[in-house]
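There are 2 protein chains.
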Amino acid sequence: MKARVYVSLKSTVLDPQGKTVRSALAGLGYHSVADVRQGKYFEISIEPGVGAEQARTEVETLAQDVLTNPVIETCRVEFDA
Amino acid sequence: MKARVYVSLKSTVLDPQGKTVRSALAGLGYHSVADVRQGKYFEISIEPGVGAEQARTEVETLAQDVLTNPVIETCRVEFDA
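Residue numbers (numbering that gives the first Met the number 0), protein chains in the order written: chain A, 0 to 80; chain B, 0 to 80.
What the hints contain is simulated information worked out from the structure, not anything from laboratory work. If you're wondering where the values come from, they're calculated on a predicted model, not measured in any experiment. One should not assume that every hint holds.
If chains are identical, the list can't say which one is meant, so a pair holds when it fits in one copy or spans any two.
Unchecked claim - As a list, the in silico DSSO-like pairs of lysine-lysine whose alpha-carbon atoms are at most 27 angstroms apart:
no.: 1; residue 1: K18; residue 2: K1
no.: 2; residue 1: K39; residue 2: K9
no.: 3; residue 1: K18; residue 2: K39
Can you build the whole structure from these sequences, using the hints too?
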């Protein structure tokens, strides 16, 4: 079982890294791009013996409590079998 | 229109950052986690006037050519309206 955690900055938080990527892309001729926001992405493999329900709870907890800074970031978790 | 680009290390490439996250999680008591691999995540907003087909082509090109280092990374692109 695998889980994917996407952590991104809240929309109210400035993202200078994304702005830099955006202006670099504009400089390279990619003019369709209005805005870029950068985030983090974690691919988590679950130990084989662990049940789906327990894995789900544990990954959701660690995504919220460890991988995300709730003051400035939000996270999204996806699972596949 | 928005596009999401996920860049992750190829499975053959070592990921010391992911390993560090994994051992930190184990230290915190999250024992269901077998492995963690860390990647990058870009949320790209497209300029309103640009057609879907052109946006798609442009984002796929920039994801492959600019956001990804093809020697060690792969990317995945998703679109939504």
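Hints and how they fare:
| no. | hint | result |
| --- | --- | --- |
| 1 | K18 - K1 | between (32 angstroms within a copy, 16 angstroms between copies) |
| 2 | K39 - K9 | both (13 angstroms within a copy, 16 angstroms between copies) |
| 3 | K18 - K39 | both (16 angstroms within a copy, 15 angstroms between copies) |
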